[in-house]
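Trainee: All chains, please: the whole structure from these sequences, using the hints.
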Amino acid sequence: MVDRLAGPRDSEVWYEAAMRQRATDEVLRHERRVTRTVGFWQVAVLLLLLIAWWGASGRLLDKLFLSDPISVAGAFWRILVDGSLWYHLRYTLIETLLGYGLGATTGLVGAVVTWLVPGGEPVLRPLVLLAYATPKIALAPLMILWFGIGVLPKVVLAATFVFFIVFLNTAAGLAAVNPGLVNVVRVMGGSPIGVFRKVMLPSALPFIVAGLRITVPAALIGAIVAEFISSNRGVGYLINAASARYRTADVFAGIVGLLIVVLLMNAGVSVLERSWLRWAPRTRNPLG
Amino acid sequence: MTALRRVDLQVRRGEFLTLIGPSGCGKSTILNMFAGLTAPTDGTVLHDGVPIRGVNTRGGYVTQDDNLLPWRTTLGNVQIALELKGVRRDERHERAMAYLSTVGLRGFEHHYPHELSGGMRKRVSIVRTLVDTSVNVILMDEPFGPLDAQTRLVLQDELLRLWEGSGRTIVFVTHDLVEAIALSDRIAIFTGAPGTIKGVREVPIPRPRDVFHIHDAPGFTEIYDAIWAGLRTELTTESVQGG
Chain H
1 MVDRLAGPRD SEVWYEAAMR QRATDEVLRH ERRVTRTVGF WQVAVLLLLL
51 IAWWGASGRL LDKLFLSDPI SVAGAFWRIL VDGSLWYHLR YTLIETLLGY
101 GLGATTGLVG AVVTWLVPGG EPVLRPLVLL AYATPKIALA PLMILWFGIG
151 VLPKVVLAAT FVFFIVFLNT AAGLAAVNPG LVNVVRVMGG SPIGVFRKVM
201 LPSALPFIVA GLRITVPAAL IGAIVAEFIS SNRGVGYLIN AASARYRTAD
251 VFAGIVGLLI VVLLMNAGVS VLERSWLRWA PRTRNPLG
Chain F
1 MTALRRVDLQ VRRGEFLTLI GPSGCGKSTI LNMFAGLTAP TDGTVLHDGV
51 PIRGVNTRGG YVTQDDNLLP WRTTLGNVQI ALELKGVRRD ERHERAMAYL
101 STVGLRGFEH HYPHELSGGM RKRVSIVRTL VDTSVNVILM DEPFGPLDAQ
151 TRLVLQDELL RLWEGSGRTI VFVTHDLVEA IALSDRIAIF TGAPGTIKGV
201 REVPIPRPRD VFHIHDAPGF TEIYDAIWAG LRTELTTESV QGG
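Which chain is which? The protein sequence lines are H and F, in order. Under this note's numbering, the first sequence has 150 at position 150, and the numbering climbs by one with no breaks. Under this note's numbering, the second sequence has 23 at position 23, and the numbering climbs by one with no breaks.
Just so you know, nobody snuck in bad clues.
Far from chain H, some chain F residues (derived; all Cβ distances over 10 Å):
no., residue
1, R5
2, V7
3, Q10
4, D90
5, P146
6, L147
7, V178
8, K198
9, V200
10, R201
11, I205
12, P206
13, E222
Derived coverage of chain F by chain H (criterion: at least 3 residues anywhere in the stretch with Cβ under 8 Å from a Cβ of chain H; other residues may be distant):
no., segment
14, 25-38
15, 56-62
16, 66-73
17, 118-132
To be clear, the hints were calculated from the coordinates, so they are not data collected in a lab. Values in this document were obtained by computation on a predicted structure and should not be read as measured data. We put the beta carbon where it would ideally sit given N, CA and C, even for glycine.
Mentor: See the structure below:
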C-alpha cells in the first residue's frame, strides 16, 4: 500500500516549510534586537541604583548601617582572597545542594506515588497544601533541637522549603495532562504504565522544571536561616557574625557570595531545562 | 443527557463510511463507543463480531485535534503505536519512514509538532494511525475540520490514496456534505439530539475519485440534493429550537 503510491507533493510541503522558516527567522532576528535593548537597560538601571547607593551612603544615611558599593567590593575581594568566603560558602553550598536534592527527589517521587495510588491525590493534596502554608521558618528552632547543630538541620530545613513546591507543581502537572493525548495512547494499546511513562510524565515535565527552578533560592534560604539560628560556619554564620560587629560591608559581601551561588544553580537548572524541554516552543525566561 | 437513541449501524469490512449530521447529534459518541472510550448505556458494540470491552486497541482513532505528543518528533509520534505493541526498533523506523515519505514529510522526521503547520501535523496524525497494521478499522472524527479549504482537499486526496486498496475500514465523521460524498462508499445521515440514524445512502461515484473535481463526477448532484434535503429539515428544526 505504501509502495503503490506515486510521488507525493513534496514541493508543496517544502514551500510551506520554507515560508515558515522565513517567518521564524524574522521572529528570531526581532527577538535578538529586543534582547539587546533590554540588556542595555538592565545594566543601566543596575548602575543607576549602585550610584544612588554610593551617593546616599554617608550623606543621607549613616555609612555604618548602609556601607557603600566600593567598600562592599573591597570586603568581597578581601574575603575572597583570604579564603574565608570559600571556607564558609563550602558548607552553605553543601547544605543547600543536599537539601535541594533531598527535597526535590522526595517531592517528585511523593507526587508521582500519590498520583498512582487510586484516591491518593484528593486525600493528600489538601494536607500537603496545609503543610505548605505553614511558615516553615517557625520549624527552624525545632530542627536544631531534633537534628543538632551540624549540617543535618540545615539540610532538612532547606529540603522542606523545596519539597512542597516540587510536590505541588508535579501534582498540578500530572493533573493538567491533555485527556485527548491519554485517550489516543490508550487506544493505541498503551497500558496504564505505558500511558504514565509516555504521556503523563513528559506532559508534567514543564511544571516539574518550573518547580525545580523556583526552589533554587528557597533551598538557599532554608540553609541560611538554619545557619542564622545556630552554627559556627557557613555564609549565614559569616553574615550574622559580621552584622553583630557592625561590619556592614562584610554582610553585603556575604550576600554577594550567596547571589553568585543562586545564579550558578539557576544556570544548572537552565541546562537541565534545555535538554529536557527541547521540544517546547521557545518561551521567554526572565531568569535566563 | 441522552446523546443517542436506538442506533443500529452495520459497518462493512473495507468500506469508507461517513456519519453526517448536525453538531451535537452524537456522531462523536459513536466513535468513542467504538474506540471503547465510552461504554454504551444500553446495547452492544461489536468489532468483527466480538463485543468491545474496555479500550478497543484494534481500532485506530484520528481525533479532531491532532493530539500529537508535543515532546516527540514527527518520527517519534509516528512510531508510538508500534512501540507500545513491541515492534522492533529498526522495523519501527523503516515503517514510519516509508509512511512519512508517502505524505511528503520525509525531511521533517526530526521536527517537533510545534514546528509543523496544521496540515503537516494532520498528516502525521493520520500516518501514525495507519502505520499500525494490527488496526483494521480507522475512526476519524472531523479530522480536516480546522484546516483551510485547499489543505483540506489535498489531505482528502492523500487519505483516499492511502486507503484505497488497503482493505481497511474507515468510519469518518464530518458535517461537510461535499467531503462526505467525495470520500465515502456510504453515508449515514444522523438527526438531532438525541441522535438516531435517519437513513444510509450509497455513493455510486466510481473510484479512484478526483476530490478536486468531485462536483463534476456523474451522480454527484443527485446524491448531494437527496442528502441535503434530509439534512436541511434537521438543520432548520435545530435553528428554530436554538432560536
